[in-house]
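Kindly generate the complete structure, drawing on both the sequences and the hints.
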Amino acid sequence: MTQANAKSPAAPKVDPATTVEAPPETWLAGYRPLRGVFDEAMTADGEERAAYRSLFRELNELDTSEMRRRAETAQRIIHEQGITYNVYGDPRGMERPWGLDPLPFVIAAEEWRRLEAGLIQRAQLLNRILADCYGDQLLIRNSGLPPALVFAQPDFLRPCHGITPSDGRLLHFYAADLGRSPDGRWWVISDRTQIPTGSGYALANRLVTSRVLPEAFRACQVQRLAPYFRELRSTLAALSPRRVEDPRVVLLTPGPYNETYFEQAWLARYLGYSLVEGQDLTVRDDRVWLKTLSGLEPVDVILRRVDDDWCDPLELRNDSSLGVPGLVEALRAGNVAVANSLGTGLVQSPALMAFLPGLCRDLLGEELKLPSVATWWCGQPGELAHVLDHLDRLVVRPALRSGPRLPEFAGKPTEAQRDQVRRLVAFQPHAFIAQERVELATAPSWDGGRVVPHPVAVRCYLVASGDSYRVMPGGLTRVTPEPGARFISMQLGGSSKDTWVLADGPIEEVSLLQAGAQSVELRRVGNNLPSRLADNYYWLGRYCERADATARLLRATLVRFSPESTGSSAPLLDPLLSALSAQGQLEGLAERPDLRANPEALEAELLAAIFSPDRRGSLRHLAGQLQHLATLVRDRTSNDLWRVLSTIDDRVTIPATGKVILAGDAVGVLNQTILGLASFHGMARENMTRAQGWRFLDMGVRIERCIYLSTFLDCALRSAEADNPSVLESVLDVADSTITYRSRYNLLPNIAAVYDLVVLDDTNPRSLLFQLNQLVKHFERLPREKQSALPSPAYRCLIECSTRVRLADPRPLAGMGGRWRESEIGVAIEQTLRDLPRLSDAIAVSYFAHSTTSRTGEGVA
Amino acid sequence: MRSSGRVRQPLLPLGGIMRLNIVHRTRYRYSSPVSENFNEVRLQPVSDDGQECHHYELKTSPVASLRRYHDFHLNLVDHFYIGEPHESLEIEARSVVTTLRDPRRLEGVSFPRSRLGECLRLERCYDFLQRSEYVAQDVEVWRMAQDVGMGHDDAWGLALAMLHHVYREFTYDPAATTVHTRLLEVLALKRGVCQDFAHIMIGLCRISGIPARYVSGYLYVKPGENLRGELASHAWVEVYLPGHGWLGLDPTNNCPVDQHHVKMAVGRDYADAAPIRGNFKGRASQQMTVDLKIVREDLDA
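Quick mapping for you: the protein sequence lines, in order, are chains A and B.
Quick note: the first sequence uses this note's numbering, first residue 1, plus one each step.
Quick note: the second sequence uses this note's numbering, first residue 862, plus one each step.
Hints were generated in silico from the structure; no laboratory data involved.
Incomplete in silico selection of chain B near chain A, CB under 7 Å: (1) 899; (2) 933; (3) 940; (4) 944; (5) 984; (6) 987; (7) 988; (8) 991; (9) 1140.
Here are the computed distance ranges between Cβ atoms for each label pair: (10) A:143 <-> B:1029: 44 to 52 Å; (11) B:969 <-> A:405: 42 to 50 Å; (12) B:1029 <-> A:845: 56 to 64 Å; (13) B:1029 <-> A:415: 40 to 48 Å; (14) B:1150 <-> A:419: 52 to 60 Å.
Partner residues aside, some chain B positions facing chain A, computed with beta carbon under 10 Å: (15) 900; (16) 930; (17) 931; (18) 942; (19) 986; (20) 1138; (21) 1142.
Keep in mind that this is a model prediction, so the values were computed, not measured.
From the three backbone atoms N, C-alpha and C, an ideal C-beta is built for every residue, glycine too.
Written out as structure tokens, the structure is:
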């Protein structure tokens, strides 16, 4: 087979400095395209193109400051919605806010229809090629497809050969990166068949842009994205091998460290699928199951965001901990559907582009409608010679995902560097391709106060629909960070735009939540909670409460701490300092007795316990943990809850100005933190349904509150001054019970009355017994406790604990004279402190016991 | 336990027929209970023009239901799964095979080296000319192949020269390597077992343009025969020459494959043809013991 290449027109040189500058009348009127490049909005003569006319008319209504305000609003929405993109190895923290240019990319209806036809044809072609490679492999035998393009690809998964779905469809999702050359023609720059990412970001971009430019969005008659996602849902449901009305679809994610985790959580929530990791699934009897709190539930369809070779550590990559052992066998047995099928990464290879025109004629009997960037595969002698002769104007790239790499050059390669490339290519020609350079078209982009042309590429998304495909009317438009750049990569700091496909008819209004005329079976419980999520909710609850307790202890310490009164008040601070030290906020207090005598050092320690990001247990550290845990339950939490947690993290982060923090400022920060956590609790209580997720969240809160309260009370009872009214006041303060105490007793704090209120009073929501009673109520409703006749070990432990506390008599405390810990209350507190970690472990064993690691053993005789 | 089975030359008598009864037990002990144990087993002797498998039976304890399929290289795979927690796993494969490979059929095999380029265009050969997980293609391998190949115009002559070279230059040493040892490491150590010998020879053949694949199987050794290492499963190499098909060569014993060899699975290297491969959940470490008995029914019994 010969490689047929349409010649893409040679790209003229562009110099950003040649932009024609004219004194701008409004921010938009100054826009001028670059010379020699196609501009989406304007012809070379400076005339607006039709597609952009309505947009520009609306934008002209906004003056510069208004436009700036809107751009800032867009940034704020992105921050509040937590739209992020993970950048590997970023020193500034893992999550980077998503880059969005508020000015949309616009494309006319007529032009879009042509693109659609080309994209659908291409998806069908790639699907046919895949079906052949994983089936009879006739293309190698009859159509001259070089064996290397199949067998040398690491993406050709041999265990998946012969697994062909009944409808012959392997490619359910497909995305293509399109670019426009100076003559206005569209070219496919790359194909995405492994995991076409970014459609969730396209959705997020639409949400933000339509909100900050509502007038333009209305005026432009923009096609909606929702019908695409509705189609996606029905396609996935139709894949289910079980003929059931409501098949279970899950979105398989590699986890929160993946670069597009935000998108996965966002999509799962938008589409109503469970977001699961490999360890949430298990294969039994060649079927896939989801591990939930009430047992195993069958899984019918897996929407895959894990690269296919990581999906099954048994038959594919042995070192994968992301996959599900036995998945390939379950697929072979036809009991589960995976979209995209395993092995689809094969046709993503750029080397295949050189053969597409011929394969299109052979397989579909048509000419390829949408050309690829001109590509030569060096594995053939003629093509190799051509490439080696034209190294000066071609870009050489690796053809294999894990093949030999080329050295990277900054700028134009020298003759010596070209020689190096020549040697590498000649040694292993089949591992390289060469492509013509495409000068990308530009579109107007907002650049903080003015609008400038930036090169753009559009990623379009397709989903299988019946025996054809449906194209998302929109897409993810990516923008290079600077004019004239050749590579677009979100990893390298590019930005993005919403993509507006104009309609020439009425707009179809759809919402994914509209059930239409179908009748709905009413439900009072959602889909069963995966065990891993219950685990995460539980720890979210615990960390929230730990942050709250830490803030309260630190606040109580700081307000009682004044440098000139240290000498006399030091013994009274003791219980607070010991409790902080026992909780891990103050390090080395026991080893450094000098600290207590040195107020400056102590103050520095206390401030570090709030603001130091490196100290384990500091408030800052806890806020980071909270944010991380919130990420893990992201697909199940409301945006408001998410926002509240983000603000806590923001507050305890010191601005990098090197400003000295005063103890007084720190108390303000602690007050804010406590208020923030209170609004989190309030929102959780008022807005979360009383389902399993909430139950585990609240159990975490209660257990943590028991732990910190009994730790503190134990420290207080150890102190020689335990009945000193000042110490008792700090007890009331930390337990947030001062007002209640004053309303009941018109006298100085009395030890028996104080301990009755903070330990035994079950009407006080801050008392120890109240927490234990709440835990008992939760346990009574847990799925496994309901089913079994005998209490589980965890429940038994809890009942013991709460009974002991309830029966303790506080009155003798008053007469104990220093041996307070020997009183019934003292003993009950001490034992509670000992039992609680056991209780927590028992909960983990009973309910989260899935998290044992999976390992591969090779049995070799 | 590692592959072994190396005997001194020559394996006599040439050209006979053997009927072998094989019992192969593999036992795993886990330090603490494990669950969700998935396994793939490639232990069934093939039936082809050099051997016939009359009987094959696989049992596991705890009992599991087996599913069978052909993998990409057309090996028969038994797949099973044990979900409940267990502390040991035993896999027992029993088979009866007749072998009838006559090394004399190799007399007169010949193929010009200059025409080896044709192999690259055969889809059945492509995989066996490339690098693979265990068999890297490296300048050291290339250098060794150049030295051995000097003066050989015939591909079969070259393959035999490589066979002798690997046998001569590498020391048989079960302590030197593990099942995870890759070709480049063996090349530096200059020692290893049959798996390593096979990988080295595959690397040399592929870089010289001769398609070569890995074979896992058994080697029958008569009681009392000179034997290095203990009796266990074995591995060797097959090379492809157009017009002659796949031809077996055993670099550990410096001989062509004959009726002493029982073939079970083929692949690009050990990773494709491993007799047992599993994945379980649990924090346990595992200990494996193997018990292999091969009885020659038409003689020993």
